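J.: Sequence:
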Amino acid sequence: EFIPAKIEIKNPITGRIYTDSLNLQRTKFEYVVTNSDYGEGKESADRVQLEISAFNPKYGKRSVFQEVIKPKKTDDPEEAKKFADEINVKILMGQRPVLTAEIDEADYIKRAKVADPKLASYRGLVMEEVQTWDLYPLLNYVFFDLGSSVLPPRYILFKSPEEAKNFTDTTIAGGTLNKYYHVLNIYGYRLNKFPDAKIEIVGTTDGTTPEEKRVNLSKERAEFVYNYFKNIWKISPDRMKLTFRDKPLVVSNLKDSLGIQENRRVEILCDDWNITKPVFDKDPTTFPQPEEMKFVIKNGIDDAIIAKRRIEIKRGNEKWMTLNNIGLTEPNYTWDWTNEDGKYPKDEVPYTAQLIVTTKSGAECSSDPITIPVKQISTLEKKTSVVGDSTLERYNLILFPFNSAEAGETNNRIMREYVYDRVKPTSVAEVVGHTDVVGLFDHNLKLSERRAETVRQGIIKATGGRYATLNSKGVGEDDPLYTNDLPEGRFYNRTVQVVIRTPVSEYEK
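Sequential numbering of the sequence shown, starting at 1208, is according to this note's numbering.
Source of the hints: derived by calculation from the structure; they are not laboratory data. Keep in mind that a hint or two might mislead.
Straight-line distance between alpha carbons at most 20 Å, and here's what the computed EDC-like set of lysine to aspartate or glutamate pairs gives [claimed, not checked]: (1) 1567 <-> 1510; (2) 1680 <-> 1656; (3) 1653 <-> 1686.
For each label pair, taking beta carbons as the anchor points, the in silico distance ranges come out as [to be verified]: (4) 1380 <-> 1599: 17 to 23 Å; (5) 1549 <-> 1708: 21 to 27 Å; (6) 1370 <-> 1678: 41 to 47 Å; (7) 1327 <-> 1628: 35 to 41 Å; (8) 1599 <-> 1311: 28 to 34 Å; (9) 1374 <-> 1505: 51 to 57 Å; (10) 1407 <-> 1583: 45 to 51 Å; (11) 1327 <-> 1385: 37 to 43 Å; (12) 1302 <-> 1361: 47 to 53 Å; (13) 1277 <-> 1557: 48 to 54 Å; (14) 1708 <-> 1685: 19 to 25 Å; (15) 1576 <-> 1545: 17 to 23 Å; (16) 1545 <-> 1219: 56 to 62 Å.
Keep in mind that this is a model prediction, so the values were computed, not measured. Where is the CB? At the ideal position from N, CA and C, for every residue including glycine.
Work out the full structure: start from the sequences and follow the hints.
T.: Structure follows, in C-alpha cells:
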C-alpha cells in the first residue's frame, strides 16, 4: 500500500541534502549519484553511505541507509558504455501486523508446577480429563409450537418399535438438553422396565391466543404423546390416563409472552420414582483450561486504509479455525480454542496462529505466526504422578415451587439420595442459584440467592458441617446455563446447581 511522503537524502561526505516528495500520482523518483557525491580530489572516497528518510504525518519519520560503491575507472570503451548500476530502495512506513497471545495459567499447571517447576512457564491449552459425576433431572413436560399438536423436530422420536429396542437411559450422549430431548424415550424405556408403573398424560394450551383456543387442541396434544407410548414403546393403554385442560394447573406467567409459550405443553405425571428419577452419568470428562484465551492485535499500518482482518489458526498443516469477525481496530479478541464444529483438540499438536490484514486496495500483510502449545492430561497420568486429582460432581435441582425458595419433595429426594453422601470432609462444594429471564431482574436475583441458601443449609444439616468449604451464591438471570429462547431452556435455567470437587484419594482410603 503506497503512502505519500516527503523524501530526504543526506550525504555524509559532502553534507548536501536532497529533498523531494511523493504522492499518489508520483510514486517514485530517481536520484543519480555522481562523482561529486564521493568527495573531491584526494578526499574522494570509494563508497558513500546515503541516509534516505521518508516522512508522513501519520507514520512519522523512517530512515534507511544505502551504501553506493563508486564505479572504477576504465579505459575500455565497451565497459564505459554499460548502464550504471541501479539500486531500488523501498522504505516501509508502517510496521508489519503483530499478533500475540495472552493466556491465563491453567488450573492443572498451578497444581503440577509445585512438583515439576519446569511447568511454571507453560502458557497454552491444557485439556484435563476429570472423573465426573453428572446428574440430569428430567423435566416431565414437552412443549408444542403455537396452535400445533405435533412435537417440534428438536425432540427425538423413533419411527418404529424396532428402532427403539436398543435404546437405554444410560447411553444418551451429550448434556442436559440432549438428554431431555429423549424424554419420551426415557419414560417409554422405564415404563417397560417397571411394568407396574402408571402415568397420567395431561394436554394443555396457553388458553390465551386465538390459535390456542382451537377446539380439542389440548386433547390432540395429549393423544400425540399417548400414541407414541402405545405404538412405539408398546405401553398398554390401561397404564395411561388421558387428561385435557385449557391451561396447566401450575400455570406459567400469563402476562409475559415467554410464560404464555410455556403453557403449550403436555405434562407426564407419575408417582413412581423409578420412572421420574434423574439420569445419572459417571464418565471421565475432558475440560479446557483456561476456558478462553485472548489474542492481542496490532495492525501496524494506518487504521484508515484497513478493509478487513482475520486470524488464521492451524494445527500442523491442517486448518483449524478462521476468525473473521474480529473488527478493524479492536486491540484484542477472545477465543475459546474450538474449531468450526465446536470441538477441542484430542492430541498435543500445537496451534499456529497468524493475523492477516487486508487493505482497501486488496493488498494483504501478515504477522509472523505464533505457536500455542497443547497438553493432554489423562486421569491415568495423574494417578502415576504426584499431582492431586479430584472428582467433579454436578447436581441440578429444578422445578422449584413457583416464586418459592422451598426445594420441594423431588429436589429434597435428589439431595437425600444423590448429594448429601457425596460431600466428604475434604470436599470443596459450591451452590449456585440460577433463574430464567421471565420476571424482574432484581427479583430473580434475590430468588436465586434464597434458593441457593436453602440448599446450602440442607447440606450443612445433613453433613454436620463436615466439608472443606461450602459456598453459595445466586446469579439470577446472569450466566444462564441453557438458552432462554426455548421453554425447556428456561425451565432448566430455574435451577440450583451443586458442584462438588473431592480428591480422588478420599475414595481410595
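J.: Determine for every hint whether it applies to the structure shown.
T.: Verification of the supplied hints:
| no. | hint | in the structure |
| --- | --- | --- |
| 1 | 1567 <-> 1510 | holds, 10 Å |
| 2 | 1680 <-> 1656 | holds, 6 Å |
| 3 | 1653 <-> 1686 | holds, 15 Å |
| 4 | 1380 <-> 1599: 17 to 23 Å | holds, 18 Å |
| 5 | 1549 <-> 1708: 21 to 27 Å | holds, 25 Å |
| 6 | 1370 <-> 1678: 41 to 47 Å | holds, 46 Å |
| 7 | 1327 <-> 1628: 35 to 41 Å | holds, 38 Å |
| 8 | 1599 <-> 1311: 28 to 34 Å | violated, 19 Å |
| 9 | 1374 <-> 1505: 51 to 57 Å | holds, 54 Å |
| 10 | 1407 <-> 1583: 45 to 51 Å | holds, 49 Å |
| 11 | 1327 <-> 1385: 37 to 43 Å | holds, 39 Å |
| 12 | 1302 <-> 1361: 47 to 53 Å | holds, 50 Å |
| 13 | 1277 <-> 1557: 48 to 54 Å | holds, 51 Å |
| 14 | 1708 <-> 1685: 19 to 25 Å | holds, 23 Å |
| 15 | 1576 <-> 1545: 17 to 23 Å | holds, 20 Å |
| 16 | 1545 <-> 1219: 56 to 62 Å | holds, 57 Å |
The structure is inconsistent with hint 8 alone, although it conforms to all the rest.
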